[in-house]
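There are 2 protein chains.
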Amino acid sequence: MLVLLFILIGTAPLMYRWHRHPTIFVITPTYSRPNQMPELVRLCTVLNTAGNVHWIVVEDAVTKNRALTRFLDDCGLPYTHLSAPTSPYKRHVRGTNQRNEALHWLRKSFQLTGQSGVVYFADDDNTYHPDLFDEMRTLKRGATWPVGMIAASNWEGCITNPNDRSKISDFWTNWEPNRKFPIDMAGFAVNLNVVLEYPNALFDDTTIGRQEGLILLRLGFKNGYELEPKADGCRKILVWHTKSANQDVQVIGPATIMNML
Amino acid sequence: MLVLLFILIGTAPLMYRWHRHPTIFVITPTYSRPNQMPELVRLCTVLNTAGNVHWIVVEDAVTKNRALTRFLDDCGLPYTHLSAPTSPYKRHVRGTNQRNEALHWLRKSFQLTGQSGVVYFADDDNTYHPDLFDEMRTLKRGATWPVGMIAASNWEGCITNPNDRSKISDFWTNWEPNRKFPIDMAGFAVNLNVVLEYPNALFDDTTIGRQEGLILLRLGFKNGYELEPKADGCRKILVWHTKSANQDVQVIGPATIMNML
Numbered sequence: 082m083l084v085l086l087f088i089l090i091g092t093a094p095l096m097y098r099w100h101r102h103p104t105i106f107v108i109t110p111t112y113s114r115p116n117q118m119p120e121l122v123r124l125c126t127v128l129n130t131a132g133n134v135h136w137i138v139v140e141d142a143v144t145k146n147r148a149l150t151r152f153l154d155d156c157g158l159p160y161t162h163l164s165a166p167t168s169p170y171k172r173h174v175r176g177t178n179q180r181n182e183a184l185h186w187l188r189k190s191f192q193l194t195g196q197s198g199v200v201y202f203a204d205d206d207n208t209y210h211p212d213l214f215d216e217m218r219t220l221k222r223g224a225t226w227p228v229g230m231i232a233a234s235n236w237e238g239c240i241t242n243p244n245d246r247s248k249i250s251d252f253w254t255n256w257e258p259n260r261k262f263p264i265d266m267a268g269f270a271v272n273l274n275v276v277l278e279y280p281n282a283l284f285d286d287t288t289i290g291r292q293e294g295l296i297l298l299r300l301g302f303k304n305g306y307e308l309e310p311k312a313d314g315c316r317k318i319l320v321w322h323t324k325s326a327n328q329d330v331q332v333i334g335p336a337t338i339m340n341m342l
Numbered sequence: 082m083l084v085l086l087f088i089l090i091g092t093a094p095l096m097y098r099w100h101r102h103p104t105i106f107v108i109t110p111t112y113s114r115p116n117q118m119p120e121l122v123r124l125c126t127v128l129n130t131a132g133n134v135h136w137i138v139v140e141d142a143v144t145k146n147r148a149l150t151r152f153l154d155d156c157g158l159p160y161t162h163l164s165a166p167t168s169p170y171k172r173h174v175r176g177t178n179q180r181n182e183a184l185h186w187l188r189k190s191f192q193l194t195g196q197s198g199v200v201y202f203a204d205d206d207n208t209y210h211p212d213l214f215d216e217m218r219t220l221k222r223g224a225t226w227p228v229g230m231i232a233a234s235n236w237e238g239c240i241t242n243p244n245d246r247s248k249i250s251d252f253w254t255n256w257e258p259n260r261k262f263p264i265d266m267a268g269f270a271v272n273l274n275v276v277l278e279y280p281n282a283l284f285d286d287t288t289i290g291r292q293e294g295l296i297l298l299r300l301g302f303k304n305g306y307e308l309e310p311k312a313d314g315c316r317k318i319l320v321w322h323t324k325s326a327n328q329d330v331q332v333i334g335p336a337t338i339m340n341m342l
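Chains as they are written, first to last, in our numbering: chain G, 82 to 342; chain C, 82 to 342.
Hints may be right or wrong, so weigh each one.
You can't tell identical chains apart in this list, so a pair holds if it fits in one copy or across any two.
[What the hints assert, rightly or not] Using 30 Å as the maximum straight-line C-alpha spacing, the simulated DSS-like pairs for lysine-lysine come out as follows:
no.	residue 1	residue 2
1	Lys248	Lys189
2	Lys324	Lys171
3	Lys317	Lys145
4	Lys145	Lys324
In case anyone wonders, no lab produced these hints; they're calculated from the structure.
Only a predicted model underlies this, so the values are computations on that prediction, with no experimental measurement involved.
Generate coordinates for the entire structure from the input sequences, incorporating the hints supplied.
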């Protein structure tokens, strides 16, 4: 009995992490390339650590890759595997059709269900600290936090006043500082209810570099200051806009490996 | 009582992972650069998932960076933070002095202690699948497995015969196939006992591109075929030789962020 009690006390923090509410719906557009599998492995690892994540992976393809389905089965998270191709004329706004496909799926699946959730757009090449997901899980309507290494700067995002860490007082960005939402795709999340309240809010496939502001406007936010500051009053970097070097994979090794994407 | 029992059953697999034996001593050389923190965050995340890892982080520097010590404190793993600079004349074999410093520390700390362990050299820019650590934990003297995306090929490493998956029958590599150990630094691990049995085995700082074979020879292995094949008889890629694109960080944002390295 005493042993049981010790084990219970020891595992309580983890039990708590598994059963955290609400669910975070992580939307990840992806496409076939040499770096795809390692990048998805890293994301799978941190999403498992985050606890209570539903992963919506949307391939930029006409049909779903079966090897990717097997990879998602093995990852161990609840997931939804979708596909939506990008038009060859719209390659400059890659990701749009995939994120919209995920929004359609959320609205179709959860309208009128009362499901509580948070929606986050997480590209597969960024780097996420596990604590980021704890931060966004407590948002009311929408929240933001700083992002590391972006727009030729070491960071970008919200700043709070030392006297009131619950209000955004300023934004730092090295690129188009007059944007209403000077925020990267990795730097915000919204309540699932907001996505359901504004059923026509979608990403557009024409505007370059302002996708984040456009979707937030369409979801009813007027500007970045309406978002709740997270990550210790915007004082921590918990996500980095990393990029992988293109890998030189000219030679294909013998087909003895089973888990290739 | 019944609730306790259910919780115990539910958490048993995780309890098992935490207390896995033996300890894996993961040796990571690192140096200051914009990508350093996100890459260490990713490695911290997967090493926590692996369970029972002792992380030996060796900075390429004369003195240890205090911010890195704080980062290691927060990571939650047992760790040892060391520093050893690379000579300006030896930059072409970066990592050597740092890996040797870790080997010295292991020999100083565990000679005659009976500590069981596995030693693995894990650079901070590669990508590791959590299952990789389960594979190496069961090795007897030394083991190897394939590595993804390396030497201009999609993979490199051992091959086993379909009739006997416990013996290496061949190696695939696109670079110097006549090496006695056609193996990348990320593609092998050895028993701590072997490191202690050969106290003079160190990396050298003159030979380029054959560091892995040289250290394995000095640790008493004659060639790659003496190593135990892991990762389902060399049929799975559980580690990738990824590289991060150099980030363009010319502009330093305001000093409102606390967790910068």
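Exercise. List in ascending order the numbers of the hints, as given earlier, that are violated by the structure.
Key: Hint 1 contradicted; others consistent.
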